[in-house]
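Okay, so the sequence shown: first residue is -19 according to the working numbering, each after it adds one.
Take the hints with a grain of salt, since some may be wrong.
[As the list claims (entries may be wrong)] Below, simulated EDC-like cross-link-like pairs (lysine to aspartate or glutamate); rule was C-alpha separation at most 16 Å, straight line: (1) K30 - E6; (2) K88 - D50; (3) K109 - E6.
I should point out that these hints are in silico values taken from the structure, not numbers from a laboratory.
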Amino acid sequence: LNDYTFDQIFLGRTETTGFLSQQFNENQGAFKSPTALGQSNQWITALNIKMELPLHIPVGIFADAGLCPDFSVSSGVGYMFDAGIHAWIARGICDVYIPLFYSEDIEKSFKAKGLTFGQTIRFTFNIQKLDQSVFSKKMIEL
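Full structure from sequences and hints, please.
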């Protein structure tokens, strides 16, 4: 959880297990896989792509690729990627990410943490993006 400034709303801010612990904020390279890889206090370069499928359902694909410092390799630069299925309940407000492909380093971090497939699924919940005027109008009507 990288919301050290408490700018975001997390349903399970202090949860360490269970579904609510899988909420994340798309920052620090915006990798969808639950890993500390791709996060750096020095620098990071990342490319994030989301694409809708040509269907009339709220499903698409995503891919993330990035570079960041990795002093365990001779070049000093680490490369990682992840890709999978993206679905949304309300676009930009509640999105679900299911990583299906990822780099070897990300896979190693999953194994080190003992993550099951279900534990790699993540979601965003950005209630602050809802139009506050909608809530205001509803409250006036009540």
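So, going through the hints one by one against the coordinates:
1. K30 - E6: Given pair K30, E6 holds - Cα atoms ~13 Å apart, limit 16 Å.
2. K88 - D50: 15 Å, holds
3. K109 - E6: 14 Å, holds
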